[in-house]
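Colleague: Got two chains here, separate frames each, mind docking them using the hints?
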Amino acid sequence: MPIDARTIRVGETGLERLIQWLRATNQPQTLEAITAKYIEILRSLVLEEEER
Amino acid sequence: MTDQQSLYTAAQPTWNGSDEQQQLAERIYQLMVMQGAFFPQNVPIRQSLENLAAFIAEQDKRDAAAVRDQLDAALQANDHVFQRSAEDDERVIYATTRMGFYTEPHIDTVHTFKQRLYEPENPLPIDDLDVIITRTRPALTTVEPVYISDYWQQRAPVAPDEEGGSVPALAATPVEHEAEEEVAAEPEVAEPVGTIQASVTSSVTEEHNATTITLPSGVNVDLAQPAETIFVEYGTALAEAIQQAIADDPLRRIVAFGDEYYPEDAVVSLSKGDLRRIREYILEQGEPMPDTSILSDVYYKTPRDHDFATFRFALNYRLNREKDFEFVGVPGMRLWSAKGLPAVGTKRLKTSELGQFYAFLEEDASYDDSLSEISADEIRSNRQLSRFLTFFEWEYGVLPYDAAMKALLPPPLLSDQRTSILRIEAPQHYTVYLVELRYPTTNRGGWLHGLEDFFKEYLVPGALITLSATDDPSVWTIQYGETGGEDGKLLQQDDKKGRYSFANHTFYCDVDSDLVPSQERLPRLKNMKVLPPGERRRITSTAGYVLEQIGQSRPGDINGFELGLRDLFMGVNVQRPATRAYLQATLNEDENFLVEDETFIYFPPTEELPPAEDDDTEE
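As you go down the protein sequences, you meet chains S and V in turn.
When we follow this note's numbering, the leftmost residue of the first sequence carries the number -19, and every step to the right adds one.
When we follow this note's numbering, the leftmost residue of the second sequence carries the number 8, and every step to the right adds one.
In isolation and in its complexed conformation, chain V is listed as follows (with noise of 0.2 Å):
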């Protein structure tokens, strides 16, 4: 026999009983094994007794009742190949293989890879059901909330109070275990845990109902109160943690332009050639346009049409992650910049440098005085500025992004903007100037230029300008007291020769005379050196080179200069901007200075500057 044949051929088992019940039983194993010819080995043939009572008795021509209690008797007495099963006496089954035997196989549950995955005898500990839970969804609608075995739940950091108490919230984001016992302990005082992932936190209180959540700063809001009193009393710290969870929803589900938010799904895309459109008609108009001409002009969309709200979004929100594109606008006015277009304010410094120079603005809130002398508030009630310009702002036509600018000019609208374009009209004379606003960052100041050419035109140093907010947002008026003329020799900065002389003037506007640079009032201005940027960004190095340039020699055994705050002020901000605040704070605190009132000695040391050339070119 081939191992071919053998694995269509039964076994043959031994038979037990009377020879009958032995015929019997063969009988009906080779019947079953027949029918299950095509069978696998091991798995069972079955069949009912009913079914084989009544195949024996038509073959045998006998009663089928009488062959059934005859047949259940022989195959129990092969019961080391049939095996039996009964629901009851009617209805009885026969089960064996082509093996000879069958044997119910055990299924081994005690331990299994399901159960030590789910329920791991030594868990690790849960700090964060994130790893767990996980927070990645798929982009089809889930169904809501996210369950959460009780496996899980009872395993949660803060456990089931024994004793009938609350129940805990699911931890869900890493706490220190202090900051936890803090948060059960005070809840209203609770540390905010900063990410949304936190917004269940673990913090127990006995407020804990089944209609109280806890949000991510640990305050519990109880929604069974009205929708109105939820959103007047919690709503700030709620939209806070919603601009949470939507920025750091990883599918992005909902996306953000300024203060709007709309499904991203459908927000409709642009094409490369709609970019290439967008850019052309802004290179063409040659500044920087709102959103609104773009969709006229390029889209022909109207506010009339039903998707425009939806378009506008999606245009901004697209041009927004377009490296080609800038947004300069303020809230209420989004402009647009694209690459290519003509930069705004002065060349003749960098804005590297000029960020260094208003540094000092950002860097320590007493060094900015810009609101001794009018509040935050009043600025922003009568929506207008007034301010003296220093020589340095009139030579370069910029102004400091300083406290009272920040209560007048319009805050950035997206977090990570750098610029706004600023229309600045100057009545008066009927001229519009693009005035580029650099808002502050961590290390470097902020301001405005583009003034150059209004200031060099109309104004001199010293004179008194006003700053004004239109009904437009990105729109304001600059105006000026204007007078019959004065003459006078002032102070002007020659490039070329890279120091500073005195020129005859005349000049139409209101002045302080203190803050003019004339030569009447600081005849040792002429022939100073314009310092290198390097050099001016170190005000304890400008400071001491004006003091020795402009200061008295003071007698005794060190050679020292001394000069008041007035010419002192007046002297540095020729080189770079400085606040009378932030000069007396750091010169007070250098060693090289000696403060005494409003006066200014200084001591240079001997590796020190320099003294200036002595130029021989008479004026």
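So here's chain S without its partners, still in its complex pose (with noise of 0.2 Å):
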């Protein structure tokens, strides 16, 4: 279910799935890489019905 870029308060939306991302890379992350990841996550929530 997309969700509506509005609702998206960066730094916790999706931060469940950043730390799952963390954490199945096992090992640290430099800030880039959380961003980078990051992005994708948001693009993903928001994005999803589009793509489909």
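Hints in this document: simulated from the structure, not taken from any laboratory.
Do not take every clue at face value.
What the hints assert, rightly or not - So the derived label-pair ranges between C-beta atoms look like this: (1) V/GLU111 / S/ASP(-16): 41 to 49 Å; (2) V/THR438 / S/ASN6: 37 to 45 Å; (3) S/ASP(-16) / V/GLN42: 54 to 62 Å; (4) S/ASP(-16) / V/ARG283: 51 to 59 Å; (5) S/ASP(-16) / V/GLU57: 51 to 59 Å; (6) V/THR477 / S/SER24: 42 to 50 Å; (7) V/ASP423 / S/SER24: 31 to 39 Å.
Claimed, not checked - Some residues of chain V that are not near chain S, with every Cβ distance over 12 Å (derived): (8) SER25; (9) ALA44; (10) ALA102; (11) TYR288; (12) LEU441; (13) VAL482; (14) TYR515; (15) CYS516; (16) SER525; (17) GLY563.
Said to hold, decoys possible - Not everything, but these chain V residues come out facing chain S in the computed CB check (under 10 Å): (18) ASN216; (19) THR219; (20) ILE220; (21) LEU230; (22) ALA231; (23) GLN251; (24) ILE253.
Backbone N, C-alpha and C define an ideal beta-carbon position, used for all residues, glycine too.
Modeller: What follows is the structure, given as structure tokens:
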């Protein structure tokens, strides 16, 4: 279910997914890598429907 | 009849209708009361007409269909006792109670606590949605995104445009009303609101659509763009927002050490025994140790181990939270010091005194003239820096952490890091020195110390030294130009007498003769007092004293002393560190000094320091 971008709270929305990814990588990540992944997560939340 | 009996006794209603109907109604009533004998008095006892008719028909040996109509009429005649409800003609239900009547309870929903709570008549102004939506989340995974009801959305500070304009984003942080208007008008230049609570701001722009988010800095990011484009254009702003959010997360679900991040629940803990072993290991080595050495020597872990990276992170993260350990590393080399290790650097001056001496470097950037002859970019590209030693630096083995040094040396890895320990190698003598780099704070300057032995052993004030980087970010080299040897009577500090004197020296290093405090150069430095740190801290009192001691008396009505900038610079730098720019700027503003070109004239106030005591001792 895609969400409206206006309800996104940067740093809160999608944080659980980010944590899951971080855990799955099995090694600490840089802020740069985290940012890139977080962009992917937010995009997937918002664009899910359109992409489908 | 006792009260207890009355509890189990039904009321005796009066009956209406014909005698037959009255009898029938009473029988039914007795039957239903018997069925609900243990019901509370006001709880309805229900029975279908079908069942009642079947019962009476069986009792009276009659036709059930005929009884049904008769019974229905009798009970309807006594509707004050029996409440009739019918879904259809086939399904009729009668209800009564032990009290002899039944009325459907009416639930008043006009005014409820729930409604008052969620939809107050006069709600307070919503400056901050955080007061409505708690930011404290349970540890368990929650459904995302946080649901915000239409009620609160509609009451957000910026109401939806009635003319069909854009819908506002949610207000999440207290923002001045004026600021909101500015943000709304020009989102690109909006003031950053500072905290991640403002991640979704109240800015309203025409560009807003269902795929656009607003960053705390006020920048709108359309997530419909490719991820690479977003990263390139807004990566920095997003990284700042994420970093802030992680730091502000009350549950600390992601933790950081330096520039690395990992989930807190996946970070292994260190027991007290672990901490003790690590501390003993560091103390045994006698100097700060890198995390990789601790991992290999204490835990026998190698980079080939699958959990090496995570364990290394855990070690650094956990040690950083322990008061018995201090991080003294740099980016690329994580060193740990433990309580009990010998201090690095001079013990003749307190760190607070050194911090105050170098405070001028942080006070005003114009006081720092270390980049007057070479740029920071050149230093970074060359990875080395050359400079002449002053007497103070040579005497105490310190170097200022000025703009040139900042360009050369590594920055702190942690935001609250106070010091780094560097290894400085002198390849000309195969010696290594541990040097402490003290980072500046808001009101104190930074410096390096720990080179006292090297300076005293091989160099003299005025010597040219070169610091160079190596492949190891915590290891540096120090070199100087060697010469055939030169003799001279050079200044030295006598801590016992608290004075300066000249002594014979033979030195083998390149010097700037203008900066060498020799007897030939400035003979009046002899017998100058070593001022106490409190007096040295004030540049004007130090410069005034130096001028009185080594300056030329100025003829005239008012007793004054004058000295050129070069000599004053050397004289002051015997007592404390100061740049030429700092001297010129501060003395120019002091009423007791007159600066003419590069000549400084000092007029001591009458209540100023008494002249130095005459000392009869001859060298």
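Colleague: Next, verify each hint and record whether it holds.
Modeller: Hint-by-hint comparison with the structure:
1. Roughly 44 Å separates the CB atoms of V/GLU111 and S/ASP(-16), a value that falls within the hinted 41 to 49 Å.
2. The hinted range of 37 to 45 Å is satisfied by V/THR438 and S/ASN6, whose Cβ atoms lie roughly 43 Å apart.
3. Take S/ASP(-16) and V/GLN42: their Cβ atoms lie about 57 Å apart, and the range 54 to 62 Å holds.
4. Remark: the range hint 51 to 59 Å for S/ASP(-16) to V/ARG283 is upheld by a beta-carbon distance near 54 Å.
5. Against the hinted window of 51 to 59 Å, the Cβ-Cβ separation of S/ASP(-16) and V/GLU57 comes to about 55 Å, which satisfies the hint.
6. Between V/THR477 and S/SER24 the CB atoms are about 45 Å apart, so this pair conforms to the stated range of 42 to 50 Å.
7. For V/ASP423 paired with S/SER24, a C-beta distance near 36 Å keeps the hint of 31 to 39 Å intact.
8. Separation of V/SER25 from chain S is adequate, the least Cβ-Cβ distance of about 67 Å exceeding the 12 Å criterion.
9. With a cut of 12 Å on Cβ distances, V/ALA44 stays outside the contact zone with chain S, its closest approach being about 54 Å.
10. The Cβ of V/ALA102 lies farther than 12 Å from every Cβ of chain S, with a closest approach of about 45 Å, so its non-interface assignment holds.
11. With a least CB separation of 23 Å from chain S, V/TYR288 remains clear of the 12 Å interface cut-off, as annotated.
12. Look at V/LEU441: its CB is around 29 Å from the nearest CB on chain S, clear of 12 Å, so calling it non-interface holds up.
13. No beta-carbon of chain S is positioned within 12 Å of the beta-carbon of V/VAL482; the least distance is around 24 Å.
14. Residue-level check passed: V/TYR515 sits 48 Å from the nearest beta carbon of chain S, beyond 12 Å.
15. Non-interface call for V/CYS516 relative to chain S: holds, since the shortest CB-CB distance, roughly 44 Å, exceeds 12 Å.
16. The non-interface label for V/SER525 is consistent with chain S: the shortest C-beta to C-beta separation is roughly 54 Å, beyond 12 Å.
17. With a cut of 12 Å on Cβ distances, V/GLY563 stays outside the contact zone with chain S, its closest approach being about 65 Å.
18. For V/ASN216, the interface hint holds, the least distance from its beta-carbon to any beta-carbon of chain S being 8 Å, beneath 10 Å.
19. Because the beta carbon of V/THR219 sits about 5 Å from the nearest beta carbon in chain S, less than 10 Å, this interface hint is met.
20. Because the smallest distance between the Cβ of V/ILE220 and any Cβ of chain S comes to about 5 Å, under 10 Å, the interface hint for this residue holds.
21. The closest approach between the C-beta of V/LEU230 and any C-beta of chain S is roughly 5 Å, which is under the 10 Å cut-off, so the hint is satisfied.
22. Annotation: V/ALA231 was flagged as interfacial toward chain S, and the flag holds, the nearest CB pair being 7 Å apart, inside 10 Å.
23. Given the 10 Å rule on beta carbons, the hint for V/GLN251 holds: about 7 Å separates it from the nearest Cβ of chain S.
24. Hint status for V/ILE253: holds, given a least beta-carbon distance of 7 Å to chain S, under 10 Å.
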